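Peer 1: Letter by letter, the chains look like this.
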Amino acid sequence: MADVTFTVDGKKLTAPAGMLLIDACRKVGIEIPAFCYYPGLSLQAACRMCVVRQEKVPKLQTACTTTVAEGQVFVTESPEIAQARKATLQLLLGNHPLDCPVCDAGGECELQDMTFKYGAGESLYAEAKQHREEQKWSPVVYFDRPRCILCYRCVRMCGEGMDVWALGIQNRGVLAVIAPNGGDHLDCEQCGMCIDVCPVGALTSGTYRYKSRPWEMKHVSTVCTHCADGCKVTLGVRRASDGMEIVRADNRDKSGINGDFLCAKGRFGFDFVHGRDRLTKPLVRNAAGVLEPTTWDKAIRLVAQKFSEANGSVGVLGSPRLTNEEGYLLQKFARTILRTQHIDHERTADYPTFSRMLAEVPDRAAGHREIAAAPAILVLGGNPTEEHPLLAWSLRTNHRLNHARIYLANTRPIRLARQAAQSLRIADYDALARYLAGDDAALGSVAGAADFREAIAGEQSLVVIAGAEYRGASLAALLRWGLGRPGVKFALLSDFANARGVADMGVYPDLLPGYQTLTDSPALLAEYAAMPTESGLDFAAMVQAATSAQLKALYVVGTDPVSTLGLADGALRKTFVVVEDCFLTPTAAQADVVLPAASLYEKSGTVTNCYGDVQMVRKAADVAGVKPDFEILVRLAGAMGVDVRTLVPFGAATGVRADMGQTRGAQAGEADRHAVWLVANGLEPKLSPFDPLATLDEIERLVPGYSLDRINLFAGNDAPTQPAAGPNAGPNAGPGSGFVPLESLLRRSDGVTPTHASLFHSAGLSDQTQVLQELQAYQNRLNPAAAAD
Amino acid sequence: MPRLVSHPDEVKIVTSRFGKGAAKIDTYLELGGYASARKALSEGADWIINEMKASGLRGRGGAGFPTGMKWSFVPKQSAKPKYVLVNGDESEPGTCKDHLIFLHDPHAVIEGTIIAGMAIGAKTGFIYLRGEYRYLIQIVERAVAEAYERGFLGKNIFGSETEFQVIVQTGAGAYEVGEESALMESLEGKRGVPRIKPPFPAVVGLYGGPTVINNAETIATVPHVLAMGGAAYAAVGSERNGGTRLFGLSGHIERPGVYELPMGYSLRRMIYEVGGGVRGGRKLKAVVPGGSSTPVLLPEEIDIGMDFDQVGKAGSMLGSGGVVVIDDQTCMVEFALRTIQFYQHESCGWCIPCREGTDWLKKSLTRFHAGFGTEKDIDNIQYLAENMMGRTFCPLGDAAAMPTLGFVKKFRREFEEHLHGKPCPFAHHPEVELV
Amino acid sequence: MSAEAMTLFSPELAARFDALVERYPARRSALIPMLLYAQDEVGYLSDAVIDEIARRIGITPLDVRNVATYYSMLRFKPAGKYNVQVCTNISCMLRGGYKIFERFQERLGIGHKGVTADGLFSLEEVECIGACCWAPAIQVNYDFHDELTDEQVDAILADYRSHEQKAGSR
Ligand SMILES: Cc1cc2nc3c(=O)[nH]c(=O)nc-3n(C[C@H](O)[C@H](O)[C@H](O)COP(=O)(O)O)c2cc1C
Ligand code: SF4
Ligand code: FES
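Residue numbers (our numbering), protein chains in the order written: chain A, 1 to 789; chain B, 1 to 435; chain C, 1 to 170.
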């Protein structure tokens, strides 16, 4: 809309015509108080806090519903307005408990803030306040009725935002009350968004309430560890006897790609960090065959010795939960120090095919922000609501606020259909790709297919989001169709926080970082001197080889093949097995050495979500005894007698910038420890080998597509990547380009096994998260039918 | 059965068919019914609106907005269907005039609805009656069925190409639903919470379509306006206040009832001549001139003509035309309390100042009337009411605050007599709470 | 319509609902009338009634509850067969509404929102019922009784009682 000029408090402002006055003011830093207004949700004009005076209008107007027009004149602060706001607060406080010191929201309460500002301190009322017992609406949602100021944010967030509609308003007048759909309990997604938007202490979190005070915590923003959407999450940490303890996870500054959003896993699923079964000491199998605690030094020395002895006969299994730096380092360690190509990870999407094909045409991969603003989105397969909650949120929001058209094709009904312009039920994803590409026979008999294809053909700008159902040939066919049309971009869904990142980092037996071949990638080959050039074994083959003693050692980093492949007890006993993990997984239980690893919440680095957006991970929690995989790798290399500078560039010679732990949100004590270590080793305290940023420099230098906007990244924002060819690649990439021939990719097994995570489940970690277990059980009890299938 | 009353000063236009069995369509036709609708059909929308403008008819629902002008705001072209919505929620204490219209002359409402539909180009009209009026709903439904039988409603009304359907709707007990946007919400099957304005109903109303909402009396007047001509109707009333109005005299009045009197008729004469004076010959203490939300007038303030402008000038409002007469044996604190108790009970609860304000007023007044008030309370009550005024989402908050301010200002003495444990000088006592 | 849906409401009521939902530009407009008619037949809005209405309209039971709890004529507990509603609002109050209410309380031995032990009567103090000029007024179920005197209270109760006996002996 055209810009208009109007006056606020004597200042001339310009904003698009029709913009809400409250938004136009906030944009330029004029804060208008509001309880009920919440950007993006429907307007209520119910709290009357945002009243302003508009010239020539007899009554005070609500800034949350007034749209700006040319020549208007407003006053937003004056004695009259302050009095109106004060009176409204006095009315609210008349029935509101005045026990801020014991309220869970004390210090983070919008009502408290406003009372300070407008000074409604003295009580005018002699009448007794109503008291009501707090209600437990679910394991994670509590409701304290007298504190509720009826701003209706929770109701709208649950309905409009989440499309769950589990909260309502019942009764009327002063008896009006927010009510859950189960009468006295909530049957919902347990996302906790209602708690997040509640401006006061009426809705509180079952996992946080009465545990801490906002000012007692440090707030560290990092990335959620549970799924591949990569939500920014702020962890509230507090000093505990054994390090730093996470007491809360929320979405404090709402600046991440997830905006307002966080799901149950992100908000409540952090207690695994301090889980009872958490490993905190290295374990070594003793003569009696029992795992027994030992020191880090001994464990590292033993592993280093065995790895040296294995002389290249080592298999390395990586995890899609490692950071980019760790993933990169792991494959570099395997290739250049262990001298093996037997390296792979738990794959949940066919990124090699995806990236190989998109690298040929510039700018065809859609980051999450692009998806969130796209005018049209085609979702093939998957079930975003359950498996990619942020994606579902963004699609719904985009539909609601921008009228984005969503097209769905799926083999089963999914909830997102409620927002879809068209939904197509199909039996076969391959056939759909062929049908879109013009093969009429492929879906000829499916009802609505023709309309569906026609509507999609009419979209000038389209993002195609493919579920993990698409891989290999069917993915190639889908991409080929879309790349043949202008304006089509793609995203490929996967599971785990860094599935995309570890794939991009080349944790594959046949692909180097950036999906480059083992033989034709001059830049990488120059660095990875003496690396074997034969493709190694893939995940399943390595495990197979280990069970039959064809490998001397197996290094399992953050994955659990015994569970995922259903191995028998003792299946791995013939090989020297090292497991690096947070918990004593079934694989770890069979290992010779178990190294207690830090979780994503206890380390720093970067991760790449499934849409290719890179974000910083910052250390929040601190669990005594554990080490990040990154540090373990560096120590192993050192113990194997390798100059760690060849693994991690640091120090004056190659170092780029100094870091004393700030980038990791590390506690001061830790920075000190590093300083001590550095000095003890005669190293320059300029840059630590444990600083992942050094490796990020190398990633940027060597991994095609990873030239990142650092300022943005370090500021806590997401930096997009695009699949790209190796440095030598021309448009007709031939030998030496670093490009893997597509045919060879399609010939090999894609090895993809999606985990089908769900709202309360993300393989491995959620099993160790009591809250998520409890939520799953709670919802199963409420919906036995849904639980059954 | 409500008693009908009569007085020689009455000018019977809207009430002209009362008591004559006009609820039956044959009788209604004999008494000239549906002639205006036929005429409107042949003359067209512009003519109707011009006549309505000329009539000076102002909305009888309370706010007194000129009806012709309201109709002219509806856009001619609209992608969405347009609607007429008749407000028969009649819930303002002191008001029972629509009750009589539905009882005695339901076809007039139907005919008025058809005409309003023609004026704005609507094909559907809704007549919404409060749920308590079940027997009236049945009467109106019967009348609607008759009109369908005769072809006055349906696909081709009066044999023309014009379509018009009427649907009768029941409420379920909520005063706030009388507010026009809350009325639409209720008709759409939702909580009776008002909508944000703008957009106004004339542009975005029922089911998103342009909608004209009028009070039942306003609508029942329409056929008469067209029958007698706008100018002739206007001539009956006072300046800028065309025609007559159904005034409901209730309370301590000798001859309570609904009287149709010209706009601008003297309030004093209404009480002392039409109504026969204060019951039992007592002294007049106060008059609520237009339903419980209108500020009270003192005996020395009743020499005014009863029209929107004159009552406004006197510091009150003509409102719904419900004149409540109060004698000198009445405790005004109790009267204020009962008034506020109503608004507290009926506040929809949406906005803070009304929801909390009405509740605190009620609590304070209850305590006050029971003899536990303090000086500061009187000021607090006034402070509260002043701070509700003009700050609420819809006018219900004002409807509670305005009369309160009137009571406190005009009867401060009586409030003071209740202070410090003194029992109510009228020996009345506070009552049970409504939940 | 599923078989179970037919069990809760009489065939007449079910048919009335089916016609009602089709009548409006949006099905949901039938909600408030449906709630009232169902209450008339069943006596109150039980959970089962709410669920059934939700299903028939195609909205959630929570939605139905949000709406139903707003309107003061709708109730969630059984009332007496004859629900006596006494207006005490200003016009009725000035003409003895409270006295009438007290008389009913005495005669029935119950208070506001009470139900007699035999389930025959319930009592409610209500807001203005639109009979101000014929005050004091009450409603028994949907029937108005105007310009009441204290004595008429007894007559009205006797009348409903005898009505009930006749109905019972038939
Ligand atoms: C709280 C409140 C209650 C109202 N109740 C009624 C009512 O019961 N009947 C009515 O006709 N108008 C009522 N109104 C006025 C309506 O909002 C609306 O102005 C009127 O129906 C328009 O019709 P008119 O122009 O014919 O007066 C009420 C307004 C408010 C604010
Ligand atoms: S003033 Fe506010 S709370 Fe009162 S009825 Fe209107 S919107 Fe509802
Ligand atoms: S923010 Fe405008 S009224 Fe609440």
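Hint data in this document are derived by calculation from the structure and do not stem from the laboratory. Keep in mind it's a predicted model, so treat the numbers as computed, not measured. From the three backbone atoms N, C-alpha and C, an ideal C-beta is built for every residue, glycine too. It is possible that some hints are incorrect.
[Said to hold, decoys possible] Under the rule of at most 25 Å between Cα atoms (straight-line distance), these lysine-lysine pairs were calculated in the DSS-like manner:
| id | chain 1 | residue 1 | chain 2 | residue 2 |
| --- | --- | --- | --- | --- |
| 1 | B | Lys24 | A | Lys86 |
| 2 | B | Lys313 | B | Lys363 |
| 3 | B | Lys24 | B | Lys155 |
| 4 | B | Lys363 | A | Lys129 |
| 5 | B | Lys363 | A | Lys86 |
| 6 | B | Lys422 | C | Lys99 |
| 7 | B | Lys283 | C | Lys99 |
| 8 | A | Lys59 | B | Lys409 |
| 9 | A | Lys86 | B | Lys155 |
[Said to hold, decoys possible] Selected chain A positions facing chain B (in silico; Cβ < 7 Å):
| id | residue |
| --- | --- |
| 10 | Arg53 |
| 11 | Val57 |
| 12 | Thr65 |
| 13 | Ala69 |
| 14 | Leu92 |
| 15 | Gly94 |
| 16 | Pro97 |
| 17 | Gly173 |
| 18 | Leu291 |
| 19 | Arg701 |
Peer 1: At a threshold of 7 Å, is the proposed contact between Val57(A) and chain B supported by beta-carbon distances?
Peer 2: The hint is violated - Val57(A) has no Cβ within 7 Å of chain B, the shortest such distance being about 11 Å.
Peer 1: Straight-line Cα separation of Lys283(B) and Lys99(C) no greater than 25 Å?
Peer 2: holds, 22 Å
Peer 1: Against chain B, with CB atoms and a cut of 7 Å, does the hint on Gly173(A) hold up?
Peer 2: holds, 4 Å
Peer 1: Report holds or violated for the interface hint on Thr65(A), using the least CB-CB distance to chain B and a cut-off of 7 Å.
Peer 2: Hint on Thr65(A): holds, closest Cβ of chain B at ~5 Å, below 7 Å.
Peer 1: Do the numbers back the hint for Leu291(A), that is, is its least Cβ distance to chain B under 7 Å?
Peer 2: This hint is violated: Leu291(A) lies away from chain B, its Cβ roughly 62 Å from the closest one there, beyond 7 Å.
Peer 1: Does Lys409(B) sit within 25 Å of Lys59(A), going by the straight-line distance between their CA atoms?
Peer 2: holds, 22 Å
Peer 1: Regarding the pair Lys422(B) and Lys99(C), is the alpha-carbon distance no greater than 25 Å?
Peer 2: holds, 23 Å
Peer 1: So, as I understand it, the hint says Arg53(A) touches chain B; can you test that by seeing if any CB pair is closer than 7 Å?
Peer 2: This interface hint is violated because 12 Å lies over the 7 Å limit.
Peer 1: For Lys363(B) and Lys129(A), compute the direct alpha-carbon distance and say whether it is at most 25 Å.
Peer 2: Given pair Lys363(B), Lys129(A) holds - Cα atoms ~11 Å apart, limit 25 Å.
Peer 1: Hold the hint about Pro97(A) up to the distance rule: shortest CB distance to chain B must be less than 7 Å.
Peer 2: Not OK, violated: Pro97(A) not within 7 Å of chain B, min 14 Å.
Peer 1: Hint validation: Ala69(A) versus chain B, beta carbon distance must be below 7 Å. Holds or violated?
Peer 2: Result: violated, 12 Å to nearest chain B Cβ.
Peer 1: Does Lys363(B) sit within 25 Å of Lys313(B), going by the straight-line distance between their CA atoms?
Peer 2: violated, 32 Å
The structure fails to meet hints 1, 2, 9, 10, 11, 13, 16, 18, 19 from the earlier list, while all remaining hints are met.
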